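Asker: Given next are the chains, with one letter for each unit.
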Amino acid sequence: MPRTPLEPRFTVEYLSILDSDGNLDSALEPDLSASELKRLYRAMLLGRRLDERMVRLQRQGRIGTFAPIKGQEASQLGSVCTLRPTDWMVPSFRETAAMLWRGWPIEKLLMTFAGQLEGTQPAPDQHDLPITIPVATQLPHAVGLAYAAQYRGDDVVVMAYFGDGATSEGDFHEALNFAGVWHVPVVFVCQNNQWAISVPLKKQTHSRTIAQKALAYGLPGLQVDGNDVLAVYAASKEAVDRAREGGGPTLIECVTYRLGVHTTADDPTKYRSEEEVREWERKDPLTRFVEYLRKKNLLEEGLEQQVDAEIAAAVKRFEAMAPPDVLTMFDHAYAEKPPELLAQRDELAGRLRGPDDAGSAPEPPSSPPMRGQRKTSRWQN
Amino acid sequence: MAVMTYREALNLALREEMKRDPRVFVIGEEVGLYEGAYKVTQGLLKEFGPKRVVDTPIAESGFTGVGIGASMVGLRPVIEMMTFNFALLALDQIVNSAAKMYYMSGGQYNVPIVIRGPGGPAHQLAAQHSQSMEVYFYHVPGLKVVRPSTPMDAKGLLKAAIRDDNPVVFIESETLYAVKGEVPEDPEFVIPLGEAIVRREGRDVTVVAYMGMMYRAMEAAEELEKEGISVEIVDPRTLRPMDAGTIIGSVRKTHRAVVVEAGAGFAGMGSEIAAFIMEHAFDDLDAPVERVTGANAPMPYARGLERAKTPSKERIMEAIRRVCYAERS
Chain A
432 MPRTPLEPRF TVEYLSILDS DGNLDSALEP DLSASELKRL YRAMLLGRRL DERMVRLQRQ
492 GRIGTFAPIK GQEASQLGSV CTLRPTDWMV PSFRETAAML WRGWPIEKLL MTFAGQLEGT
552 QPAPDQHDLP ITIPVATQLP HAVGLAYAAQ YRGDDVVVMA YFGDGATSEG DFHEALNFAG
612 VWHVPVVFVC QNNQWAISVP LKKQTHSRTI AQKALAYGLP GLQVDGNDVL AVYAASKEAV
672 DRAREGGGPT LIECVTYRLG VHTTADDPTK YRSEEEVREW ERKDPLTRFV EYLRKKNLLE
732 EGLEQQVDAE IAAAVKRFEA MAPPDVLTMF DHAYAEKPPE LLAQRDELAG RLRGPDDAGS
792 APEPPSSPPM RGQRKTSRWQ N
Chain B
84 MAVMTYREAL NLALREEMKR DPRVFVIGEE VGLYEGAYKV TQGLLKEFGP KRVVDTPIAE
144 SGFTGVGIGA SMVGLRPVIE MMTFNFALLA LDQIVNSAAK MYYMSGGQYN VPIVIRGPGG
204 PAHQLAAQHS QSMEVYFYHV PGLKVVRPST PMDAKGLLKA AIRDDNPVVF IESETLYAVK
264 GEVPEDPEFV IPLGEAIVRR EGRDVTVVAY MGMMYRAMEA AEELEKEGIS VEIVDPRTLR
324 PMDAGTIIGS VRKTHRAVVV EAGAGFAGMG SEIAAFIMEH AFDDLDAPVE RVTGANAPMP
384 YARGLERAKT PSKERIMEAI RRVCYAERS
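One line per chain: the protein sequences are A and B, in this order.
Residue numbers for the first sequence follow our numbering, beginning at 432 and rising by one.
Residue numbers for the second sequence follow our numbering, beginning at 84 and rising by one.
Here chain A stands alone, though its shape is the one from the complex:
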């Protein structure tokens, strides 16, 4: 018997609308209003300026380790802006711009990276998960949120973020597989920023694209220019609409670049060339969008100053906050406090009150007479 090709054959498409030289494919230009375009740009600029500020705050010791997003603003905002507030956004740990769009106040993000638990707490009506550190583990959660939506008949789409490195993790494959089998409304947004700390994409996968990994699970996969906010928007809109109409999940690979450090604890000069970084700086998502808006006469005067003032005010509010109450460490271990936890909390509370308040210190264990064969202490001999 001869070998025969199986049908259907699969294809992976690449989408670019506004290239790095500012060339626009007007046939593909999305239908965004002037105010929507202005709002998107403002969000990209805020994302960039806050990012730069947070790196400086870390360097000054005013916040802890932080994972900057510089270069990935279009990937995040072009996708997240297609969600409704009632949809779910599931971040990894490098989605500051997407989180700002979803309504996280700047000071909460600062609190998060300063170790204040309130910073990671989504507002009660906010449909976002907190950031997650173990790579790709948030992706099955996204499928679970979508399964719950299907279970209850809620009109909800879930968008989940992760990087190129995450596509090597089992949870990525398991999540795509579950999403495919159950046909649930999830949009998987991979920000392929070329580097998983020091490991380049070519050492992460032998696949030509990340988008094609979707095909194995029976879902559409699309690669987009992740520095082209219009292309990311168009691809995400299509995927979100399809998911909402019952058309199932999609994988979008945003080809982008991490212009900065992996985290503030990283030094990328050790593993990548200046030349490579310069090359990607020429593809900066903000530069080309600025040119696009300039041609449309949509650039606002003084926007940078406005955004910087907003950040400065938030930093001021953040730094005026009292440090977290030490005893809150016991608050959210369990829905209620088990006896052993209460005992530890009380002990710490007593210690914190200090020696002045002698009455509150925990009683030292009393030494009742020993029983039986232990009546004689060996120290007495």
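Hints listed in this document are in silico derivations from the structure and should not be mistaken for laboratory results.
Any given hint might turn out to be false.
Chain A regions said to be covered by chain B (calculated; three or more residues, Cβ under 8 Å) [said to hold, decoys possible]: (1) 444 to 458; (2) 551 to 559; (3) 652 to 661; (4) 757 to 770.
Not close to chain B: a few residues of chain A, all C-beta gaps over 10 Å, as computed [said to hold, decoys possible]: (5) Leu468; (6) Cys512; (7) Val574; (8) Glu676; (9) Asp715; (10) Ala743; (11) Pro754.
All figures in this text were calculated on a predicted structure; none of them were measured in a lab.
Heads up, the beta-carbon is just placed ideally off N, CA and C, and yes, glycines get one too.
Given chain A's structure and the hints, the job is docking chain B onto it.
Answerer: Then chain B, alone, in the frame of chain A:
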């Protein structure tokens, strides 16, 4: 009261809770059409349909993560591990997500899931399939860990676990599924998590044991009664949070303690219980606490070797005699 098997008691608990609360659903490998590898989910697919009795691909991390996600928006999944040994594939989801989401969301999202299935030594299930898995979980703040020894406890504790707002690890046993016992039929019969039970009253020594080891300790106690040693048996039932009060109360009465556990002893449950008896009841003790544990080696497949690895009735009896200074010469 009705007499039923441990398996039927679990099934009844699931059925009652699924009837009571539309947010409860069952998810795992072979739980639907096949009705569970050990038939705990028998009849549930037929009664509740495929939306609430969900057969999954073979991906423990995946379906545990899916359950965690669904629970964050208010559903109450009961996740079945075909055997708890396979939960190691979902360890990150359980430890880093289920146990920490409530904390890391500042109290915004709790994770009311139950992860259940059999664990511990059974009959020739070999090294990768016979582990006493509770040790991997009770160390983790944020998790509750239950080991129900009787049909009544299986029902009452599973219902409590499903109603609990925290992630609960609920480990059954292959060897107990066919054990019969009295079970209340009242759908509101629930045994609160964190309450130990005195299975047998005695005067001379407290034996702390659960699951198969509790039954073995019971046999040992009956024999020792003939030698004039009166054994009290405490079954913790919930390992975290642990009902230290009941255990300490019993030790204060008997002044001697033996802890029996089926798994390897190194850093096991016996270590923890022995430590807190020492911390809270040192001056009440008339003898050092003894641990009777499985050997610190992988579980052999061969029947004779398997039997030798797990604590025997004789070893339990010897330990009891030792703490009572009643060693036979």
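Asker: Evaluate each hint against the coordinates.
Answerer: Comparing the hints with the structure gives:
no.	hint	in the structure
1	444 to 458	violated (count 0)
2	551 to 559	holds (count 4)
3	652 to 661	violated (count 0)
4	757 to 770	holds (count 8)
5	Leu468	holds, 33 Å
6	Cys512	holds, 23 Å
7	Val574	violated, 5 Å
8	Glu676	holds, 20 Å
9	Asp715	holds, 33 Å
10	Ala743	holds, 26 Å
11	Pro754	holds, 16 Å
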